[in-house]
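Residues per chain, in single letters:
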Amino acid sequence: MGFPSPQPVVKPLIMKLQIQNLTVNRGEERILSDLSFSVATGEALIVSGANGAGKSTLLRALAGLLSSESGSIEIVEPEAEFAGQSVADLCHYLGGENAMKPALSVEENLQFWQDFCGQPHLDVDEALDMVGLDGLQTVPFAHLSTGQRRRIAIARLLVSYRPIWILDEPTSGLDAASEQQFAALMQAHLEDDGLIVAATHIPLGLDGARQMVLEPYAAETEE
Amino acid sequence: MKALLIRDLRLALRSGGSAATALLFFLAVVVAMPFAVGPNAELLSTIGGATLWIGALLAGLLGLERLFQIDREDGSLDQMILSPVPLPAQVFIKSFAHWLVTGLPLTLTVPIFGIFLGMNATTVSASMATLFVGTPAISFIGAVGAAVTVSLPRGGLLLSVLVLPLCIPVLIFGVGAVRAAVTEPDPFLPPFLLVTAISLFFSVLGPFAAAFALRLGLD
Numbered sequence: 000m001g002f003p004s005p006q007p008v009v010k011p012l013i014m015k016l017q018i019q020n021l022t023v024n025r026g027e028e029r030i031l032s033d034l035s036f037s038v039a040t041g042e043a044l045i046v047s048g049a050n051g052a053g054k055s056t057l058l059r060a061l062a063g064l065l066s067s068e069s070g071s072i073e074i075v076e077p078e079a080e081f082a083g084q085s086v087a088d089l090c091h092y093l094g095g096e097n098a099m100k101p102a103l104s105v106e107e108n109l110q111f112w113q114d115f116c117g118q119p120h121l122d123v124d125e126a127l128d129m130v131g132l133d134g135l136q137t138v139p140f141a142h143l144s145t146g147q148r149r150r151i152a153i154a155r156l157l158v159s160y161r162p163i164w165i166l167d168e169p170t171s172g173l174d175a176a177s178e179q180q181f182a183a184l185m186q187a188h189l190e191d192d193g194l195i196v197a198a199t200h201i202p203l204g205l206d207g208a209r210q211m212v213l214e215p216y217a218a219e220t221e222e
Numbered sequence: 000m001k002a003l004l005i006r007d008l009r010l011a012l013r014s015g016g017s018a019a020t021a022l023l024f025f026l027a028v029v030v031a032m033p034f035a036v037g038p039n040a041e042l043l044s045t046i047g048g049a050t051l052w053i054g055a056l057l058a059g060l061l062g063l064e065r066l067f068q069i070d071r072e073d074g075s076l077d078q079m080i081l082s083p084v085p086l087p088a089q090v091f092i093k094s095f096a097h098w099l100v101t102g103l104p105l106t107l108t109v110p111i112f113g114i115f116l117g118m119n120a121t122t123v124s125a126s127m128a129t130l131f132v133g134t135p136a137i138s139f140i141g142a143v144g145a146a147v148t149v150s151l152p153r154g155g156l157l158l159s160v161l162v163l164p165l166c167i168p169v170l171i172f173g174v175g176a177v178r179a180a181v182t183e184p185d186p187f188l189p190p191f192l193l194v195t196a197i198s199l200f201f202s203v204l205g206p207f208a209a210a211f212a213l214r215l216g217l218d
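Protein sequence lines correspond, in order, to chains A and B.
Position 101, counted from 1, in the first sequence is what numbering that gives the first Met the number 0 calls 100; the numbers after and before it change by one each time, with no gaps.
Position 119, counted from 1, in the second sequence is what numbering that gives the first Met the number 0 calls 118; the numbers after and before it change by one each time, with no gaps.
Hints in this document: simulated from the structure, not taken from any laboratory.
The C-beta atom is built at its ideal place from N, Cα and C for all residues, glycine as well.
Interface residues of chain A toward chain B, partial, derived using beta-carbon atoms under 7 Å: (1) Leu64; (2) Ala87; (3) Asp88; (4) Tyr92; (5) Gly94; (6) Glu96; (7) Ala98; (8) Ala102; (9) Phe111; (10) Asp114; (11) Phe115.
Below, simulated EDC-like cross-link-like pairs (lysine to aspartate or glutamate); rule was C-alpha separation at most 20 Å, straight line: (12) Lys15/A <-> Glu76/A; (13) Lys15/A <-> Asp191/A; (14) Lys1/B <-> Asp114/A; (15) Lys15/A <-> Asp88/A; (16) Lys1/B <-> Asp122/A; (17) Lys1/B <-> Glu107/A; (18) Lys15/A <-> Glu190/A; (19) Lys15/A <-> Glu73/A; (20) Lys15/A <-> Glu78/A; (21) Lys1/B <-> Glu106/A; (22) Lys15/A <-> Asp192/A; (23) Lys15/A <-> Glu80/A.
My request is simple: use the sequences and hints to build the entire structure.
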């Protein structure tokens, strides 16, 4: 699969996520076949493709939630502080679900994830401010709208530090203003030596992000 | 780790949580017993320990189905699996939290329920002691069942069928110890220690088995 040449990275390379000949099955069905690519810190990779092309499967495999049939997912050339850690240790995975408890308040939810994930980054109030929801701390998560819930889930990425963000349809349910806000957050993460792999069919508004289009596996074999 | 324990306790105690449900169910079972058996106080006190144990077993099973299912549905389970904290340790914490909101409150309310069943002080204290050491086994065995059935839409029934047979030894020795406490020549300690041993054994094996099942259940 060909990419436009990567954006020049000004900062020194912290690490690179390298995927080689990745093949993933779900049950008996082959979803991804012989996929190779790499993403370095400061770079974003946008994975697009039709429904069922395997975007979510790819992201779950990257995070380590699905085991791969063959091939490798490795962190190469890591800085000393990241050496010996797996992708799971270094990533935030934002899936289709928000991973928040409806019965708990926004603050309790985010505080829990901060304590649970460790490596605190922003505190809860700051993170809520970043997603434009400061003032909702004591509101139960169940009372929020779909878009607000998604923004709280995005705030989870900010309360603990992880260099790799793996995002599955991160902007689903967000309005235009929130989408822009989130694009700015992602840009800041990239400038902060972060690394983003996101699956989406809506443009995320990221400057210089690389694109990868996944084809459904069955279509490939017909060729 | 502490965060996970506190969150699970909080969730159980909030409205719609499992703590109150389990206690009410226990109450229902214990209160129904005298009506079923009839007004024979002697018979009632004889089967009192057994009634409490059956009640505790069923109440313990009640909320187990949701132990991991809620986390799976809202995406928290993915985060738990990605966490650097070993999954068995997290399962242990969640099972322990389940015991703190079901097994422990049931044990502590036994003196009140004992009055309904016409039990004397010795039987009440023996029941409390055996339930205290025996109910953790229900939570830890149950965690395995909950993990195996996590991806099934209506796994509750299957869970009961899987977990109940494994809980039978706990029941036998638990009720046996209560009976031995009031029947003279029978010693109380051996069955009591066996119940304790079963609980300790499953507190180690259960989390590992459940964590294995949870990983297999990923899709």
